Amino acid sequence: MDHTTENMIENTEKILEVENLTAVYNTDAGVVHAVNGVSFSINKKETIGLVGETGAGKTTTALAIMQLLPERTGEVKSGSIRYRGDELLTKNKAEMRLIRGACISMIFQDPMTALNPLMTVGEQIYESLAIHNSNKTQKELEPRVDELLELVGIPARRKINYPHEFSGGMKQRIVIAIALACEPLLLIADEPTTALDVTIQAQVLNLMDELKQKLSTSMIMITHDLGVVAQTCDKVAVMYAGEIVEYGMLEEIFDPKRPHHPYTIGLFNAIPSLTGESRRLKPIDGLMPDPANLPEGCRFHPRCQECMERCKSGEIYQYENGTHKIKCNLMRKGENDGRAD
Amino acid sequence: MGENTVKLKVKKKSQAGDIWRRFLKNKTAVFGLIVFSLIMLVVLLADVIVSYDSALTQNIMDRLQSPSAAHWFGTDNFGRDIFARIIHGSRNSLLVGIGAVAIGITVGGLLGSIAGFYGGKIDSVIGRIMDTIMSIPLMLLVLSLVTALGNSLINVLLAMMIANIPQYVRIVRAAILSVVGQDYIEAARACGTSNLKIIVKHVIPNAIGPIIVQATMAVGTMILNAAGISFLGMGIQPPTPEWGAMLNEGKQFMTMYPYIVVFPGIAIGLTALALNLMGDGLRDALDPKLKD
Numbered sequence: 001m002d003h004t005t006e007n008m009i010e011n012t013e014k015i016l017e018v019e020n021l022t023a024v025y026n027t028d029a030g031v032v033h034a035v036n037g038v039s040f041s042i043n044k045k046e047t048i049g050l051v052g053e054t055g056a057g058k059t060t061t062a063l064a065i066m067q068l069l070p071e072r073t074g075e076v077k078s079g080s081i082r083y084r085g086d087e088l089l090t091k092n093k094a095e096m097r098l099i100r101g102a103c104i105s106m107i108f109q110d111p112m113t114a115l116n117p118l119m120t121v122g123e124q125i126y127e128s129l130a131i132h133n134s135n136k137t138q139k140e141l142e143p144r145v146d147e148l149l150e151l152v153g154i155p156a157r158r159k160i161n162y163p164h165e166f167s168g169g170m171k172q173r174i175v176i177a178i179a180l181a182c183e184p185l186l187l188i189a190d191e192p193t194t195a196l197d198v199t200i201q202a203q204v205l206n207l208m209d210e211l212k213q214k215l216s217t218s219m220i221m222i223t224h225d226l227g228v229v230a231q232t233c234d235k236v237a238v239m240y241a242g243e244i245v246e247y248g249m250l251e252e253i254f255d256p257k258r259p260h261h262p263y264t265i266g267l268f269n270a271i272p273s274l275t276g277e278s279r280r281l282k283p284i285d286g287l288m289p290d291p292a293n294l295p296e297g298c299r300f301h302p303r304c305q306e307c308m309e310r311c312k313s314g315e316i317y318q319y320e321n322g323t324h325k326i327k328c329n330l331m332r333k334g335e336n337d338g339r340a341d
Numbered sequence: 001m002g003e004n005t006v007k008l009k010v011k012k013k014s015q016a017g018d019i020w021r022r023f024l025k026n027k028t029a030v031f032g033l034i035v036f037s038l039i040m041l042v043v044l045l046a047d048v049i050v051s052y053d054s055a056l057t058q059n060i061m062d063r064l065q066s067p068s069a070a071h072w073f074g075t076d077n078f079g080r081d082i083f084a085r086i087i088h089g090s091r092n093s094l095l096v097g098i099g100a101v102a103i104g105i106t107v108g109g110l111l112g113s114i115a116g117f118y119g120g121k122i123d124s125v126i127g128r129i130m131d132t133i134m135s136i137p138l139m140l141l142v143l144s145l146v147t148a149l150g151n152s153l154i155n156v157l158l159a160m161m162i163a164n165i166p167q168y169v170r171i172v173r174a175a176i177l178s179v180v181g182q183d184y185i186e187a188a189r190a191c192g193t194s195n196l197k198i199i200v201k202h203v204i205p206n207a208i209g210p211i212i213v214q215a216t217m218a219v220g221t222m223i224l225n226a227a228g229i230s231f232l233g234m235g236i237q238p239p240t241p242e243w244g245a246m247l248n249e250g251k252q253f254m255t256m257y258p259y260i261v262v263f264p265g266i267a268i269g270l271t272a273l274a275l276n277l278m279g280d281g282l283r284d285a286l287d288p289k290l291k292d
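Residue numbers (the numbering used here), protein chains in the order written: chain A, 1 to 341; chain B, 1 to 292.
What the hints contain is simulated information worked out from the structure, not anything from laboratory work. A couple of the hints might just be wrong.
To be verified - Sample of chain B residues facing chain A (criterion: CB under 8 Å; computed from the structure): (1) Glu186; (2) Thr193; (3) Ser194; (4) Pro205; (5) Gly209; (6) Tyr257; (7) Ala285.
Keep in mind that this is a model prediction, so the values were computed, not measured. Cβ atoms here follow ideal geometry from the backbone N, Cα and C, with glycine treated the same way.
Same shape as in the complex, but just chain B (with noise of 0.2 Å):
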């Protein structure tokens, strides 16, 4: 009995702590969680790294200058020093980006659950609304939510949100019917399991994976659309300092003075690459079958 007594605390540990075991042995998976909590770093100390009046500061003399000791990624057009536009930056391009996907992937993933547990009626009248949202393009949709909604960083945010459910309630949707229909779906049934506790323990576990991956991937789009929103004239306005706006504005000077895109590209670049080899990390941890 004390030998099982000692399994059991090391079992209570290791659910999580198995996870974490597996992350940690992904050396992509580690550097990927390593370039994003120094982003996450700069979104919570982007004021004590450089002030945000220098983000905003508009100096003609010094317009389009070239990387130096001065202004270390250059500046734009304006004469904004670069470095201090993409650190600021970080905090409204992450907020859009992760923001509209951890929402899209919350309401898109319960009616996805929903649509693809229980199928039916129900899966009909989801998957027809859903259709229909599709059907109308994305820039559109987004236009008319906002217009209908307020010019605010929030509604574009919703906006975008409601825009790109249909795609998580379609891949939630998927990976769950491939799920539902295993034999321990059925065996939890016949041990008397709710259906609640069935699609919390059983079905949500195993079909993340895709939907991980999916949304991880989605994150550097998303900071795209909004910065395609921001240049109609929508949601963040500059001289808000936004990744997507910057390489939008910087668009027209690429080709004399490319570091202008080149360093807003790195960062959302850097934002997606870090998030995607995390979300592999994490979907390869989450499966026992790949422990060793």
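Okay, chain A solo, but in the shape it has when bound (with noise of 0.2 Å):
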């Protein structure tokens, strides 16, 4: 990790600010709170991590970054989101498809899915070359789609096929060429690698990693996997029914003698360990809360080993250290320490 530590001291541009970023599906059945509040930041050539279970919000703030959200449903209702200091949410359409692709790009959790299966992977690539490259005729884009394809490890000749010609690694690495062809700074890869299997994962992590350092691209990881993030990431945020309880440096949420937020801590003790003598594994009790219905005060609070009365209600304590942040009551000083209330 310690090309990125030089990289955070050169390169402080601040790629994508999003603060306080709250996003609702209006559904029948009632709002959808997804998004609660979540600011973050990526700085050029750094990689967020957002890590969570499902329907913690993670997929949700990706598409509100894209302004990909379902038009009817999804709705952005507070916040701001910039993208090197230029508000994205004010954007119209035609702006913001100038913006997809060629500065963001994003990388679909399923390669079986993400590539249409009319075209041939060549046709794929060369049009989103295309779109943001107008000016240019196929024969002066021609070369770079041959030129992409190497560089995700896949023979040029084999532009040819179709996508159900490929396995689901290749897939996966075709649909990473399509999303760097025009080379955005800012990579929302979400879930690149669920659909994979594990050493073909290790391979398009690895993959991805170097292209990054290459094309100098930042990314948002989004995943629920803390060996992706551990391998990836050089900053994390852990999310939870559409908050970030804990936000720190890569090291920060990895080290075991910091103070960590209880849900983090279950998400740690939910993965098995290969060096350590053999554990059961410690699932977090219960379900993510119905986010249309979501709980008073801290969101864990119904599933939290730790939880207090003042937990049930009114605002969490924000405890900052540095740049770890942490969303909890516990981390209270001096006040806290009883803790028989």
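The two chains are supplied separately, each in an independent frame; assemble them into the complex guided by the hints.
So, in structure tokens, the structure goes:
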């Protein structure tokens, strides 16, 4: 992780700043509070991991950044999303289209369905190039298609093949090639390895890391796999019920000596250890609360083993220690020592 | 690089070429294509094959003749040569059948695409209008439209098209809906692709399979519908030859002189079959997964 610390000092330019983002889905069953006041920022060449279980609002956050929330139901209620200081939420559709793909690009979870089955992969890469290079001819862009394929480790001659003629890992690499076609400054990877088996996962992650260095792309890595986070991320945001409950540098989150949010501890308890003595995994009891009907106070309190009376309502204490932030009443200093209440 | 440029040329041809090659591999589809080509040849060369007059000339002495060397398909109750009537009837029948389907599917497809792709209010408005049209019985709707527009072949075509739009809207909308939810549409959006381009390049090609099948199956029905309308005294009027109308006129003689209805029936059936086989083949050819 040495290179990243260096980069941070060199490149402090903020690529993306998300501030107090609140997004809801208006459904027939009521308003679903998917993202509730999320803030984070990404510097150049930095990777931030959004971690959390299904339904924590990770993907909604990503879609809100891209402004691809379902038009009829999804809505960004408040907050601000700035790309290199430029507010995205006030942009109209045409302006957003210029940003998507060229500046911010996205990799989807399932490579099996993320490619159009009726177009050859070469055409699909060419298409994403052509959208943002309308002044260039097909002849000028065609070598770039070959280059992109080679970049992700697929022979250029295979561009005439259709998606079903590739394996899952190769498809995901093609998806990555499409996402990187216009050399975006920010790449949002929505669980890019979930649909792949473990060996291919490692391959794809290594490739993404390599390309990130080569193209100096920043990345938002959405995952529920802490192993992936450890391998790829510089910063981590642990999400629960649409909030970031813990936020910090990778070393801070993975340092067992530091204080942590009970949910983060739960997440770590739920992964098997290869080196330690074998033990039963400790799952976090219960389920994510219904986002249409979130609990008062700390969203995690119904499942929290350290739950106190004051957690059940009111504002939750925000602990800050440098870059490390935790949203939990347990972090209150002094007044909290008794813990008798 | 040399290899790449060669590949590039191959690729440019391949999109249409691939489909064509896959189509040719499907024997039944090729059979359909040959039959349909022959029918189109008949349409184009009808006057060369047999004069239009012989399709209209009534010869009471020769009425209700069985097929013979003089009258290959026999004669009808007015003594008109059925072979000549079928040859010349192909023009009107195909115009009505294919015309109504083609226009219906274009308009219905467009509305269905919009409804399926955009959803929400537009979907509701289009859906309700289509429901309203569908709630009126087909014949009643066509008859009132023809009465209002005036009695002519084109107006009958137009009326049938309007009456048939709702079903195409529904089929296309359903097909589009199943595609719009796919990740590659979202991925195309994430690349900054415009809606129009997404519809044309990603949605329609992936949704077109069931639409093609439905369209080719509808041609036969359309010819029969047009016959029903001409039976009620609108659209194509006797003595103009038309397959559906010939079926209708021959109905009363069917038990004694079956050939009067058999030959126009075969003509309609063969056209519908050829189009169906072609449609099936085309659907398969458009899907690269069924390549080999």
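Hints, verified against the model:
1. Glu186: Holds: closest Cβ of chain A sits about 7 Å from Glu186 of chain B, inside 8 Å.
2. Thr193: holds, 6 Å
3. Ser194: Given a least distance of 6 Å, the restraint on Ser194 of chain B holds.
4. Pro205: holds, 5 Å
5. Gly209: violated, 10 Å
6. Tyr257: violated, 51 Å
7. Ala285: violated, 11 Å
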